[in-house]
Every structure is written in C-alpha cells, then in structure tokens.
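Peer 1: Can you make the complete structure from the sequences, with help from the hints?
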Amino acid sequence: MSRRSPAVRAGLLISSTYDAAQALLRTATERTPAARGRAAATCATSGAVVQRLAQQLCATPAADAAAHVAAAVCGGVLLAAQIAAIGDPEQRRMAQRTARWAALALRFLADALTTAPWRHAAREASDATPAPRATATARAQRAAQRALHAAPDVTGAAGAAFAAIVAAAAQALERSAGRGPA
Amino acid sequence: MTRSSMPVLMGALAGLAVGSGLAVQRVVAPWSGDSAREQSGRATVVARLAAATWEAQRLALRLRCFVAGDAAQATATAIAAGAALGSALLAAQIAAGPQPCWTAAWAALALRRLGRALDTAWRPGASADASLVRDLDAARRAARRAASAARRVHPAAVAAAAAALDDSVQQAAHAMHALALEES
Chain A
1 MSRRSPAVRA GLLISSTYDA AQALLRTATE RTPAARGRAA ATCATSGAVV QRLAQQLCAT
61 PAADAAAHVA AAVCGGVLLA AQIAAIGDPE QRRMAQRTAR WAALALRFLA DALTTAPWRH
121 AAREASDATP APRATATARA QRAAQRALHA APDVTGAAGA AFAAIVAAAA QALERSAGRG
181 PA
Chain B
1001 MTRSSMPVLM GALAGLAVGS GLAVQRVVAP WSGDSAREQS GRATVVARLA AATWEAQRLA
1061 LRLRCFVAGD AAQATATAIA AGAALGSALL AAQIAAGPQP CWTAAWAALA LRRLGRALDT
1121 AWRPGASADA SLVRDLDAAR RAARRAASAA RRVHPAAVAA AAAALDDSVQ QAAHAMHALA
1181 LEES
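Listed in order, the protein sequences are those of chains A and B.
FYI, our numbering numbers position 30 of the first sequence as 30, with every residue one higher than the one before it.
FYI, our numbering numbers position 73 of the second sequence as 1073, with every residue one higher than the one before it.
For the record, the hints were derived by calculation from the structure and aren't laboratory data.
What you are looking at is a predicted structure, and each value in this text was computed from that prediction instead of being measured.
Just so you know, even glycine gets a beta-carbon here, dropped at the ideal spot from N, CA and C.
Check each hint, because a few of them may be wrong.
Residues on chain A that point at chain B, a partial pick, calculated with CB under 10 angstroms [stated by the list, open to error]:
1) S15
2) C43
3) V73
4) G87
5) A161
6) I165
Take a look, some chain A residues computed to stay more than 12 angstroms from chain B by CB distance [unchecked claim]:
7) Q22
8) R31
9) R139
10) R142
11) A150
Peer 2: As structure tokens, then:
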C-alpha cells in the first residue's frame, strides 16, 4: 500500500458512509414495498463497500476507527432491513423518525472521519481539527440515541445495537485523534 | 421471474444464512498470532458478511411476491444482524486484541440452523418435518445463548449487536414456522 493510499481510502469510506445514510433514509420514505426493499439492498451494498475499504485500511493507524465505522454502517444496514420489512403504515411512520435520526448519525460519523488525523498528510493539519471532530462525534452519538428512542417498539434490538455501535465508533474516532498520519 | 425459480432462490438464501454463520465464527477464530496479514484476513471475512447481506436483501426482494416473502425478508434481516455482529466483533478485536468468543460460536450456530430450517420450511409437507422444528428450536436457543454470552464478556456494542441478532433470529424462526404451516 502506498503512503498516500490510506487517505484516499478514507475518502472513499466517507462517501460510502454518506451513501449508506442516504439509502437508510429511503427505506422509510419510499412509497412502495419494492422501492423500500431496493433501498435496503442499496444500503447493504454501501455496507459491503465500507467493509472492503475498512479491510484495506487494516494494519494502518486508521484500522481501529475504520473498523468501528464499518460496524456502525452494518448496524445501519440491519436497521434498514428491519424498517424496509414493516408493512403497517402507522408503524412505518414511526420508523421514519428512527431512519431520519439514524441516517443523521451516520452522516455525523462521516463528518468526523473527514477530520481524522490519518487523513492528512501532515500532523500539523490534524492538530488543527480536534474541535470539529469532537462536535461531530458527539452529534453522531446524540442522533443515534434519538434514533433509539424514536420508535423502540418498531425497531427493537436493532435500534439499541445501532446506538451502541455508533457510540463505540465515536469513541474509536476520538481515540484515533492521538495518532499521526499513516 | 416464475414460481418455478422459487426453490432456487430459497436454496440460495438458505445457503447465505449458513455461510454467514460460518463467517461470523471465522471473524474471531483463534489465530496463531496477531500479524497484519491475519488481521486483514479477518477483515476480509467481515467484508464477505456484508456482501452476503446485500445478496440476501436482493433475494428477499425477488421472493417478496411469493408466499415466502416474509420468511425471506426475516432471514435477510437475520443475515444483516450477523453482519452487524461480525463487524462489531472485529472492531472490538482490533481495539482490544483477540479473546475467546462464545458469542461468535453461538451466533454462528444460530445462523447455520436457521439456514437449514429455511431450506426445509418452503418444501411441501414441511410442517410435518421433525427436522424443521429441531432446527428452529436450536437456532432460537443458540441466538439466546449468543446474546447472554455477549452480555457477560463483551463491550456494549458487541452485546447490543448480539441482542439484535437474537431478536432477528427469533423473528425469522417465527416467520419460517408460519411459512411451513401455510405450505402444508
């Protein structure tokens, strides 16, 4: 792996996390069951891409944070699968709130990734960004908690898993703040 | 797509569930050391789990128009739960190092038995098939044990993912039982 490749792969990881968030949102907002199913499948595709990128970042300073973010996206995929399967219109309305908060949590995680120190070629650049990163990780955790509380009866254990995994990912991103560029 | 392709699709979905079970176990299988190559190998397995999730969702979508739709979607969700658990286990392992893992062993068993049950559930006369009941019971019990093993040992994220897997497996088992009754 070249010296610059972790930064490039982290960039792709960020865009795939945004894609997963977008697809997760669509699993609740699409009108037909088939479209919701397609959105869940798209979310899973992004999850697979994120996992592949996290795999490529293994054995770099980014490994810990990338693996945790990939786990969070997989938690989002689980939530998407669960939401897409809901047939009852009333339950689906409740699940929409969960999906909105969960998608927001993934977006904030992606935002936090953009400020990860191993994304930058120089340590000076990473030193300049802890405040936005801390804000983004805190917002991600809050959004995940709101997703958990939005419709607990509908999403069940999937919501709790998502919230816990996002919290772990936020902590991993904070831990990565102490590490320099790859 | 015609109804005649349903056995093929259901068989493929059942195979994905079984394969996902094996992959969950491999994520934390004992390794001789903790070299970068081994870590990368585990990550590859997790990436395959996520890819299996996508494939399962696609199959569930195609099966939705048949009687097996609910069982297929529930199984796809269980496979997605397996991917979430596998990812959480890998992330915890990268952060904290390898440790013995009953969670993965029980979760793997749950998915494998669920896959076997799915392969039986759509066939005519499945409701009278004793192996279906055995597989579903074993899947339910194994998922419950995975959740309780995770609560005892693992960090919160893994414990929550294992609980989600338990929830998904219970739902999938329920859907498969209903499918077998419908088909009989």
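Peer 1: With 12 angstroms as the threshold, tell me whether A:Q22 passes as away from chain B on beta-carbon distances.
Peer 2: holds (16 angstroms)
Peer 1: Over 12 angstroms to the closest beta carbon of chain B is the bar; see if A:R139 clears it.
Peer 2: holds (18 angstroms)
Peer 1: Under 10 angstroms, Cβ to Cβ, is where A:S15 needs to be relative to chain B, so tell me if that hint holds or is violated.
Peer 2: A:S15 check fails; min Cβ-Cβ to chain B is 16 angstroms, beyond 10 angstroms.
Peer 1: Under 10 angstroms, Cβ to Cβ, is where A:A161 needs to be relative to chain B, so tell me if that hint holds or is violated.
Peer 2: OK, holds: A:A161 within 10 angstroms of chain B, min 4 angstroms.
Peer 1: Measuring from the C-beta of A:G87 to each C-beta in chain B, is the shortest one below 10 angstroms?
Peer 2: The hint holds - A:G87 has a Cβ within 10 angstroms of chain B, the shortest such distance being about 9 angstroms.
Peer 1: Should the interface hint for A:C43 be scored as holding, given a Cβ-Cβ cut-off of 10 angstroms against chain B?
Peer 2: holds (8 angstroms)
Peer 1: Would the non-interface assignment of A:A150 survive a Cβ cutoff of 12 angstroms against chain B?
Peer 2: For A:A150, whose nearest Cβ neighbour in chain B is about 16 angstroms away, the distance exceeds 12 angstroms, so it holds.
Peer 1: Is the interface hint for A:V73 satisfied, with its Cβ closer than 10 angstroms to some Cβ of chain B?
Peer 2: Holds: closest Cβ of chain B sits about 8 angstroms from A:V73, inside 10 angstroms.
Peer 1: Can we trust that A:R142 is non-interface, i.e. its beta-carbon lies farther than 12 angstroms from all of chain B?
Peer 2: Consistent with the label, A:R142 stays out of reach of chain B, its closest Cβ about 17 angstroms off (over 12 angstroms).
Peer 1: Run the C-beta distances from A:R31 to all of chain B and say if the shortest one exceeds 12 angstroms.
Peer 2: holds (15 angstroms)
Peer 1: At a threshold of 10 angstroms, is the proposed contact between A:I165 and chain B supported by beta-carbon distances?
Peer 2: Since chain B brings a Cβ to about 5 angstroms from A:I165, closer than 10 angstroms, the hint holds.
The structure does not agree with numbered hint 1 stated previously, though it agrees with all others.
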